[in-house]
Amino acid sequence: MPLAQRISALMEKIMGTAEMGHLTRDEYESLLKQSGKEAIPFLTAAIRNKTGDTWIACKLLAEINEPVEEAITALTETLDDCGADDSERGWAASALARLGHTDILAARIEQIPEDIIARGLAAPYTAFRDQGRYLPLDYQPLEQILKQFPHIADAVAKNLTPGCSYCEIKPEEASAAQAGLQSSWAFIRYHAENVLEDLQDNL
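Mapping to full-length UniProt numbering: the sequence shown position 42 is 42, numbers consecutive.
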């Protein structure tokens, strides 16, 4: 089957516009993610056309993790869409952050509901980060935003409270986590301490 036709068939299963078939949604998603960049036009079309469960398309763009303009534009349009529900906008915010575009969230802190922005800013530090491809741990983008907009800190911290599922770091990310121990923000220090402890336990 040609790749485009295969991706289209997978999208129908994933987005709920066709019967699920013999596999689970997670299994169909895994097959789609193997297509990498080739799947992006199909995912962005689903977002723009509001085909099925569009939050899933946002999630998959984050997990494929290719910060191409087409993906960033579609996610930004969803984030800015006042007609979309907060959950969908939250997934778009999370995907943008995972793609390294927290600057887009920062530029909208005064215009978009705080909970949506905060969810996005927290996403690179949660277990969601570990799904698919991802950028290495880095607290600096968050630190810079908190320095400029300290009033958002409590909302971000709420998404990273003790008991939340944190990302699992690799040994090469330990130095970034150790830098987090020096943060002026208690919730960042707590996060850094916990991911370092988990890393040590897993070695």
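It is worth saying that the hints were derived from the structure and are not from the lab. Check each hint, because a few of them may be wrong.
[Claimed, not checked] No farther apart than 25 Å at their CA atoms in a straight line, the calculated lysine-lysine pairs in the BS3-like style are these:
#1 K158 with K33
#2 K147 with K158
#3 K37 with K50
#4 K50 with K33
[Unchecked claim] The following label-pair restraints were derived from C-beta to C-beta distances:
#5 C82 with P150: 38 to 46 Å
#6 E77 with K158: 24 to 32 Å
#7 S30 with P2: 36 to 44 Å
#8 Q200 with E114: 17 to 25 Å
#9 T73 with S35: 37 to 45 Å
#10 G36 with C82: 29 to 37 Å
#11 N202 with A18: 17 to 25 Å
#12 N202 with L135: 14 to 22 Å
#13 Q200 with P2: 26 to 34 Å
#14 M1 with P150: 32 to 40 Å
Note that this is a predicted model, so its numbers are computed, not measured. For every residue, glycine included, the Cβ atom is placed at its ideal position computed from N, Cα and C.
Evaluation of the provided hints:
1. K158 with K33: The hint is violated at about 30 Å.
2. K147 with K158: holds, 18 Å
3. K37 with K50: holds, 20 Å
4. K50 with K33: Within the cut-off at roughly 20 Å; holds.
5. C82 with P150: 38 to 46 Å: violated, 26 Å
6. E77 with K158: 24 to 32 Å: holds, 26 Å
7. S30 with P2: 36 to 44 Å: About 20 Å separates the Cβ atoms of S30 and P2, which means 36 to 44 Å is violated.
8. Q200 with E114: 17 to 25 Å: violated, 35 Å
9. T73 with S35: 37 to 45 Å: About 20 Å separates the Cβ atoms of T73 and S35, which means 37 to 45 Å is violated.
10. G36 with C82: 29 to 37 Å: Because 32 Å falls inside the window, the suggested range holds.
11. N202 with A18: 17 to 25 Å: violated, 39 Å
12. N202 with L135: 14 to 22 Å: holds, 20 Å
13. Q200 with P2: 26 to 34 Å: Hint violated: Cβ distance 48 Å, outside 26 to 34 Å.
14. M1 with P150: 32 to 40 Å: 53 Å Cβ-Cβ, so the 32 to 40 Å window is violated.
Checked against the numbered hints above, the structure breaks hints 1, 5, 7, 8, 9, 11, 13 and 14 and satisfies the rest.
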